[in-house]
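> Between the sequences and the hints, there should be enough to build the whole structure, so can you do that?
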Amino acid sequence: MRIRYFAWVRERVGRAEEEVQPTTPIATVADLADWLATRGPGYEAAFADRNRLRVAVNQDQADFTAHIAANDEIAFFPPMTGG
Amino acid sequence: MTVRIQSEDFDIAAELAALFAGRDDMGAIVTFSGLVRGGDVTAMTLEHYPGMTEKALQKIEAEANARWPLKATLILHRVGRLLPGERIVLVAAASQTRHAAFEAASFLMDYLKTDAPFWKNEEHADGTSAWVDARKADSSAKARWR
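Line by line, the protein sequences are chains A and B.
Residue numbers for the first sequence follow the working numbering, so the first one is -14 and each next one is one higher.
Residue numbers for the second sequence follow the working numbering, so the first one is 28 and each next one is one higher.
Because the hints were derived from the structure by calculation, they are not lab data.
Yeah, the Cβ is synthetic: ideal placement off N, Cα and C, and Gly gets one too.
Treat each hint with caution, since some may be false.
[To be verified] Per label pair, the in silico range of CB-to-CB distance: (1) I39(B) x G(-1)(A): 35 to 41 angstroms; (2) A55(A) x Q33(B): 32 to 38 angstroms; (3) E58(A) x A157(B): 24 to 30 angstroms.
[Said to hold, decoys possible] Straight-line C-alpha distance at most 25 angstroms; calculated DMTMM-like pairs for lysine to aspartate or glutamate: (4) K82(B) x E3(A); (5) K163(B) x D34(A); (6) K86(B) x E58(A); (7) K82(B) x E29(A); (8) K169(B) x D48(A); (9) K86(B) x E35(B); (10) K163(B) x E(-4)(A); (11) K163(B) x E3(A); (12) K163(B) x D142(B); (13) K86(B) x D48(A); (14) K98(B) x D38(B); (15) K82(B) x E150(B); (16) K82(B) x D142(B); (17) K98(B) x E130(B); (18) K169(B) x E149(B); (19) K82(B) x D48(A); (20) K163(B) x D48(A); (21) K86(B) x E130(B); (22) K86(B) x D45(A); (23) K82(B) x E2(A); (24) K86(B) x D57(A); (25) K98(B) x E42(B); (26) K82(B) x E42(B); (27) K98(B) x D137(B); (28) K82(B) x D51(B); (29) K163(B) x D45(A); (30) K82(B) x E4(A); (31) K169(B) x D45(A); (32) K82(B) x E130(B); (33) K86(B) x D67(B); (34) K82(B) x D165(B); (35) K163(B) x E2(A); (36) K169(B) x D142(B); (37) K98(B) x E81(B); (38) K163(B) x D67(B); (39) K169(B) x E81(B).
Next up, the structure:
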């Protein structure tokens, strides 16, 4: 699974992207977020408040209930502020 | 329909001239340009999600074209570090008559604010910097189009 992070999520996690092979069964974005949050204090801080996070699966907006598979690209970021 | 993301500045007149070059089917064109506001902000850095940004903007553009009889649309957005007074975004909607053009330009901006993966980080005079929070006013501006 390819994971990407943007804005303060990227800063807290300490990287912009990574390839991961979760050690627990992952069916949804929520499962992935649960697992990522266990990977260290930076991850824990990034995933502490899910109401402040937005998600994309394969570069389309999605939510935490979305089903994901091994070849998907999943991104976590704050609400968007363009314009 | 054109979507472009770039770090370089753009020339509004040149962009518009390119939009209606060789066309005589447009009676109205409405443009919006956004600039970096100064005051407490000394610089602003725009981050985006390459790939998804283009995809999201094309979706917004397609939605505008489905709602109004548009002859052309343009969304041009800059990324990277910008200073107060610099141009950030240019949106244009062209139609046969003005109402569709005004509404579509407004729609494009309201959706761009909430649905395109851009994030702003502001630098302040005291040396601190902070990510800009999404504004409630922006999501209610978008909600009026439902």
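> For each hint, tell me whether it holds in the structure or not.
Quick rundown of the hints versus the structure:
no.: 1; hint: I39(B) x G(-1)(A): 35 to 41 angstroms; result: holds (39 angstroms)
no.: 2; hint: A55(A) x Q33(B): 32 to 38 angstroms; result: holds (34 angstroms)
no.: 3; hint: E58(A) x A157(B): 24 to 30 angstroms; result: holds (28 angstroms)
no.: 4; hint: K82(B) x E3(A); result: holds (22 angstroms)
no.: 5; hint: K163(B) x D34(A); result: holds (18 angstroms)
no.: 6; hint: K86(B) x E58(A); result: holds (19 angstroms)
no.: 7; hint: K82(B) x E29(A); result: violated (30 angstroms)
no.: 8; hint: K169(B) x D48(A); result: holds (19 angstroms)
no.: 9; hint: K86(B) x E35(B); result: holds (24 angstroms)
no.: 10; hint: K163(B) x E(-4)(A); result: holds (24 angstroms)
no.: 11; hint: K163(B) x E3(A); result: violated (32 angstroms)
no.: 12; hint: K163(B) x D142(B); result: holds (14 angstroms)
no.: 13; hint: K86(B) x D48(A); result: holds (18 angstroms)
no.: 14; hint: K98(B) x D38(B); result: holds (21 angstroms)
no.: 15; hint: K82(B) x E150(B); result: violated (29 angstroms)
no.: 16; hint: K82(B) x D142(B); result: holds (11 angstroms)
no.: 17; hint: K98(B) x E130(B); result: holds (14 angstroms)
no.: 18; hint: K169(B) x E149(B); result: holds (24 angstroms)
no.: 19; hint: K82(B) x D48(A); result: holds (18 angstroms)
no.: 20; hint: K163(B) x D48(A); result: holds (19 angstroms)
no.: 21; hint: K86(B) x E130(B); result: holds (17 angstroms)
no.: 22; hint: K86(B) x D45(A); result: holds (10 angstroms)
no.: 23; hint: K82(B) x E2(A); result: holds (19 angstroms)
no.: 24; hint: K86(B) x D57(A); result: holds (21 angstroms)
no.: 25; hint: K98(B) x E42(B); result: holds (15 angstroms)
no.: 26; hint: K82(B) x E42(B); result: holds (21 angstroms)
no.: 27; hint: K98(B) x D137(B); result: holds (20 angstroms)
no.: 28; hint: K82(B) x D51(B); result: violated (29 angstroms)
no.: 29; hint: K163(B) x D45(A); result: holds (22 angstroms)
no.: 30; hint: K82(B) x E4(A); result: holds (23 angstroms)
no.: 31; hint: K169(B) x D45(A); result: holds (18 angstroms)
no.: 32; hint: K82(B) x E130(B); result: holds (22 angstroms)
no.: 33; hint: K86(B) x D67(B); result: violated (34 angstroms)
no.: 34; hint: K82(B) x D165(B); result: holds (21 angstroms)
no.: 35; hint: K163(B) x E2(A); result: violated (29 angstroms)
no.: 36; hint: K169(B) x D142(B); result: holds (9 angstroms)
no.: 37; hint: K98(B) x E81(B); result: holds (20 angstroms)
no.: 38; hint: K163(B) x D67(B); result: holds (21 angstroms)
no.: 39; hint: K169(B) x E81(B); result: holds (19 angstroms)
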